[in-house]
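Given only the sequences and the hints, what does the whole structure look like? Please build it.
According to numbering that gives the first Met the number 0, the sequence shown is numbered sequentially starting from 0.
Bear in mind the hints are in silico, worked out from the structure with no lab data behind them. Warning: the hint list may mix true and false statements.
[What the hints assert, rightly or not] FRET-style restraints, in silico, Cβ to Cβ:
1) Gly48 / Asp239: 31 to 39 Å
2) Ser144 / Ala26: 38 to 46 Å
3) Asp124 / Arg237: 37 to 45 Å
4) Thr14 / Thr166: 40 to 48 Å
5) Arg234 / Ala104: 34 to 42 Å
6) Thr166 / Asp22: 38 to 46 Å
7) Ala101 / Leu27: 15 to 23 Å
8) Ala147 / Pro211: 45 to 53 Å
9) Ala26 / Ala104: 13 to 21 Å
10) Lys155 / Ala109: 16 to 24 Å
11) Ala229 / Leu25: 39 to 47 Å
It should be emphasised that the depicted structure is a prediction, and the values quoted were computed from it without experimental measurement. Beta carbons are placed, not taken as given, at the ideal position from N, Cα and C, and that holds for glycine.
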Amino acid sequence: MSGAGDGPIGQIFPTAVAALDDDALLALLAPADRAVPRLRANFVASIDGSATAEGLSGSLGGPADRTVFDLMRQLCDVIVVAAGTVAAEGYAGPLVSAAASAWRAANGLAPHPAVAVVTGRLSPDPESEFFAQSPVRPLVLTAASADAGRRRALSKVADVIDCGSATVEPGLIVESLVARGLTQMHCEGGPSLLGALIEADVLDALCLTISPSLEGGSGPRIAVRPGEAAPIDLRAMRLDHVLHASGMLLTQYTRVR
Numbered sequence: 000m001s002g003a004g005d006g007p008i009g010q011i012f013p014t015a016v017a018a019l020d021d022d023a024l025l026a027l028l029a030p031a032d033r034a035v036p037r038l039r040a041n042f043v044a045s046i047d048g049s050a051t052a053e054g055l056s057g058s059l060g061g062p063a064d065r066t067v068f069d070l071m072r073q074l075c076d077v078i079v080v081a082a083g084t085v086a087a088e089g090y091a092g093p094l095v096s097a098a099a100s101a102w103r104a105a106n107g108l109a110p111h112p113a114v115a116v117v118t119g120r121l122s123p124d125p126e127s128e129f130f131a132q133s134p135v136r137p138l139v140l141t142a143a144s145a146d147a148g149r150r151r152a153l154s155k156v157a158d159v160i161d162c163g164s165a166t167v168e169p170g171l172i173v174e175s176l177v178a179r180g181l182t183q184m185h186c187e188g189g190p191s192l193l194g195a196l197i198e199a200d201v202l203d204a205l206c207l208t209i210s211p212s213l214e215g216g217s218g219p220r221i222a223v224r225p226g227e228a229a230p231i232d233l234r235a236m237r238l239d240h241v242l243h244a245s246g247m248l249l250t251q252y253t254r255v256r
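Spelled out as structure tokens, the structure:
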């Protein structure tokens, strides 16, 4: 699929704005108070609800979606991502541009955000390009029960942090990151991680891009939970803004608590 959203990024809600430049988008996406912890996720979906096309979420996006995605990385303290997403989507090397790094440094942030990989089984390969090329020492968030040998291997290339005993607990993910001063948390997937964050009710905001395309029903939703998981109460959200670019809608919702 060719990238949708090639035109300028405008705003529909709460007020109409014909075009927003990067500075205006940064102001719109920035936290009101960086001292207040916030876990915000960013996902894209087709009109019929698929989180991927041809197996990749990036296939649904376009230039406008990428711009907003990059600006959220520019603003955050830490990128939180599941190990499967790291393997599938390509996370080797710097995750922000040189210009974004300079902006971060000028605004009192670390030049590159921290990167936290969530993996209950310590599945990442410690010799992969992700670890070899990362500009920061990654954090690996896991469970205390994970394999000791894999823990030793990954500890050579990352800081391995227990966030639960038998499984990774979303609440402990947040606590562990905030304890390290990483209050602005940007989650990039995948669907199982988002499902766990929603179930634990630790997700504070969701930026959802709706791609002007139909996938046909074979792809996953943006959030999934195990089939045997018990139903949960709906999590009420408040619509913050709606942006648009050539038929693509870019929204942000905040959890109502």
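Hints, verified against the model:
| no. | hint | in the structure |
| --- | --- | --- |
| 1 | Gly48 / Asp239: 31 to 39 Å | 21 Å, violated |
| 2 | Ser144 / Ala26: 38 to 46 Å | 44 Å, holds |
| 3 | Asp124 / Arg237: 37 to 45 Å | 41 Å, holds |
| 4 | Thr14 / Thr166: 40 to 48 Å | 44 Å, holds |
| 5 | Arg234 / Ala104: 34 to 42 Å | 36 Å, holds |
| 6 | Thr166 / Asp22: 38 to 46 Å | 42 Å, holds |
| 7 | Ala101 / Leu27: 15 to 23 Å | 21 Å, holds |
| 8 | Ala147 / Pro211: 45 to 53 Å | 49 Å, holds |
| 9 | Ala26 / Ala104: 13 to 21 Å | 19 Å, holds |
| 10 | Lys155 / Ala109: 16 to 24 Å | 22 Å, holds |
| 11 | Ala229 / Leu25: 39 to 47 Å | 40 Å, holds |
When held up to the earlier numbered hints, the structure conflicts with hint 1 and nothing else.
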